[in-house]
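Novice: So the chains spell out like this:
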Amino acid sequence: MKITRRELLISAGSLLAYSQLGSLANAEVNIAAQPGDQEMIASMCKALYPHDRFPMSIYMDVAAGAIKKGNADTGAKISFRAGLDGLKINKFDKMNFKKQTKYLKSIENTPFFGLVRGHTVVALYDHKEVHKIFGYQGASFDKGGYKDGEYNDLTWLPEPRIEEHPDLTAFLDDSSPKKYASLKIKKTF
Amino acid sequence: MKIDKKEKAVVVIGSGPGGAQVAYQLTKQGIPVVLLEAGRRIMKEEYVNEEWPAFSQMAWLDKRTMSGNARIVKDFNGLPTWLVKAVGGTATHWAGATPRFLDYEWKTKSTYGSVDGATLMDWPIDGKEMKPYYVKAEDAIGSTHRGGRPPLPANNNYKVFAEGAKRNGYKFYATGPYGTNAAPYDGRPASIQDGFNFQGDKNGSKWNPNVSEIPKALATGKLELRTNSQAVQITTDSSGKADGVLYMDTKTKALHRQEAKVICVAGNSIETPRLFLMSASSRFPNGLANSSDQVGRNYMRHLTGSVYATFDKPVNFFRGETMAGFLADEVKHNPKRGFVGGYYLETLALGPSFLGAFLDPGKWGKKFADMMDGYQNMAGMWIVGEDMPQANNRITLGSAKDAFGLPAPNVHFDDHPNDTAMRNHAYEKGEAIYKAVGATQTYRVTPYPHTHNLGSMRMSAKAKDGVVDKWGRCHDVKNLFVSDGSVMTTGAACNPTLTITALAIRQGEYLAGQLKKGNV
Ligand SMILES: Cc1cc2nc3c(=O)[nH]c(=O)nc-3n(C[C@H](O)[C@H](O)[C@H](O)COP(=O)(O)OP(=O)(O)OC[C@H]3O[C@@H](n4cnc5c(N)ncnc54)[C@H](O)[C@@H]3O)c2cc1C
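Going down the list, the sequences are from chains X and Y.
Take 0 as the starting number for the first sequence in numbering that gives the first Met the number 0 and just add one per residue.
Take 0 as the starting number for the second sequence in numbering that gives the first Met the number 0 and just add one per residue.
Treat each hint with caution, since some may be false.
[Claimed, not checked] Cβ-to-Cβ under 8 Å is the rule here; a few derived chain X residues that face chain Y: (1) PRO157; (2) PRO159; (3) ASP166.
By construction, these hints were calculated from the structure, which means they are not laboratory data.
Yeah, the Cβ is synthetic: ideal placement off N, Cα and C, and Gly gets one too.
Let the hints inform the model, and build the full structure from the sequences given.
Specialist: This is the structure:
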């Protein structure tokens with residue numbers, strides 16, 4: 000997944016700006032650089048947000064982004080390494096979905112889980128291919144907007160009224176403080 | 000127009016609906032104004048029709064912290080609010096819903112009585128006085144369904160909403176009032192239903208000061224718009240009057256000073272009290288104009304919450320206008336429901352990118368994924384209702400610093416039990432609307448980062464009860480005004496921007512008169 004400066008991630012608890020990862024070149028140890036590591040993280044991304052309709056390549060893209068974040072600084076590296084180790088030892092990718100969910104529950108409070116989940120929920124649903132699969136068409140300005148017969152093409156319900164109800168003005172105008180003060184509060188909260 | 004920094008000028012801080020409107024009202028009457036705006040001017044060609052890139056193009060992302068019991072404190076601690084740092088302010092993002100206050104909503108203390116833990120108070124103005132200003136505000140914005148302006152057509156999301164409402168016996172649904180043109184108006188074209196109203200609106204059909212009051216004020220030749228200019232302190236003279244603004248060039252970080260004879264602050268409900276608190280001095284040790292200790296308090300964000308539903312047939316709710324769907328039946332105060340005040344339901348569509356982040360923050364697993372999977376068959380609505388002002392829901396200067404070394408604001412927010420009771424009621428009614436038209440799954444969504452930011456500089460009749468008087472003038476500092484949504488004594492059920500605009504027109508006319516008479 001391409002990381003650009005303007006990309007932002009909102010994860011539970013924090014707003015993280017993706018930063019340029021230029022300093023990575025000097026890093027001595029890269030985490031999750033072994034063959035199979037990206038696949039392992041991808042299997043976690045899929046277990047977190049399981050969509051049968053998504054090809055594994057989408058989860059692989061998301062995993063690549065998570066791994067970059069896992070290498071962003073020393074703190075991220077040590078927690079990411081420990082988390083990935085756990086997945087490997089427990090052969091997470093070979094578990095059935097139910098077991099995977101149970102395992103993820105057990106690590107829910109770790110920074111590793113927080114990083115991968117927080118990244119996945121944003122990167123996955125922001126993925127262009129996911130938008131296609133969902134039928135989301137996105138920008139339409141260059142085509143002159145969504146056309147009549149397109150933004151209103153729903154036919155399984157009757158055409159609704161778009162004007163205000165003739166009684167609305169009277170309903171809203173009938174709001175004198177005195178009259179409404181006479182309604183007594185029944186405390187239920 | 001170029002105004003000398005040594006000249007004692009009328010200075011407006013912030014170019015959102017409040018600040019831009021006051022600046023326009025003054026310049027229209029020939030009064031020169033310096034308008035300081037912390038953000039830059041983004042022209043409509045630059046707007047990006049993708050959710051995250053558009054958000055990062057315009058959002059106010061300077062450091063903020065949060066505390067309190069509201070769920071948002073845990074979910075989005077670094078992002079309590081959804082505000083814009085650009086010319087036009089948060090109205091660059093706004094959708095356009097423009098309902099008015101009901102008469103008793105100006106007088107909630109006398110109407111609702113005392114509510115435990117709430118600091119309800121009557122406004123020093125009433126519905127009758129505000130009526131002509133509402134008409135002016137609707138004409139300024141170009142609200143549909145008002146002033147002879149036509150309604151917007153129904154999009155798919157509205158079709159589901161309106162039919163569901165009808166089957167629940169509701170009557171008061173319509174596609175507005177809404178601040179995006181259905182027909183050309185005020186030099187701006189009709190909506191092309193392109194679905195990216197939140198992202199600035201490339202077509203310019205949506206009202207926002209950047210396409211209306213700002214160009215109009217510039218055309219008078221009396222406005223100097225200084226962008227990337229963030230006010231950081233208001234200074235006072237030996238008599239206690241405001242006499243200048245220290246502001247920072249956000250690019251070079253250089254500090255400048257503009258001499259001032261009158262200052263109108265409109266930085267929104269977080270930045271306005273923050274600026275007053277950062278302007279503490281030996282004369283004003285608790286912060287500027289804060290003898291009442293009310294600066295920063297009674298911060299409100301409206302009730303809010305959303306209901307989304309999926310159906311077994313396509314909706315494609317992302318097409319067309321984002322929020323052109325309105326239901327007013329639940330707005331009236333009716334304590335039998337178990338809470339005071341009322342709420343509106345309004346259609347709302349998000350793209351998958353935002354929906355993933357906001358549907359259920361922190362959640363994961365199959366149920367969440369299944370809901371997202373129904374995206375094409377989804378409809379959505381937003382709840383907006385009156386929340387209770389509370390003394391401790393407040394903006395303070397925290398210990399954290401922003402990138403400029405300035406104290407970052409902390410936003411404390413506790414939900415009041417009345418808010419929770421109303422939200423639960425609204426969730427039920429929202430779900431009933433969708434179930435009546437065959438929803439297969441419904442989802443109750445917690446409040447997003449606050450888009451409506453109110454209170455924190457409340458208006459009061461008496462100096463001991465609030466920060467500003469009925470004109471928005473500080474009780475303690477006579478040449479200092481507040482011109483944004485932070486003056487709201489209470490928030491009413493309706494979306495706030497029409498009222499902010501009406502109040503700013505009224506203040507601008509008043510201030511122009513006072514300046515001409517030499518009274519300030
Ligand atoms: C997604 C979204 C949808 C919305 N939809 C609706 C809707 O349908 N209906 C409705 O009524 N409202 C809506 N709103 C809310 C609406 O945008 C706000 O109520 C309105 O913009 C508030 O106006 P304001 O002038 O008080 O503040 P703002 O619009 O926030 O303007 C404040 C301005 O001041 C600038 N500023 C702040 N501090 C300083 C400083 N120290 N120095 C210089 N400049 C400063 C900021 O950069 C900003 O430009 C929506 C908001 C969002 C985010």
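Novice: Now tell me if each hint is right for this structure.
Specialist: These are the hints, each one checked on the structure:
Taking 8 Å as the C-beta contact cut-off toward chain Y, the hint placing X/PRO157 at the interface holds, the least distance being around 6 Å. Given the 8 Å rule on beta carbons, the hint for X/PRO159 holds: about 3 Å separates it from the nearest Cβ of chain Y. Because the closest C-beta pair between X/ASP166 and chain Y is about 7 Å apart, less than 8 Å, the hint holds.
This entry satisfies every hint, going by the numbered hints stated previously.
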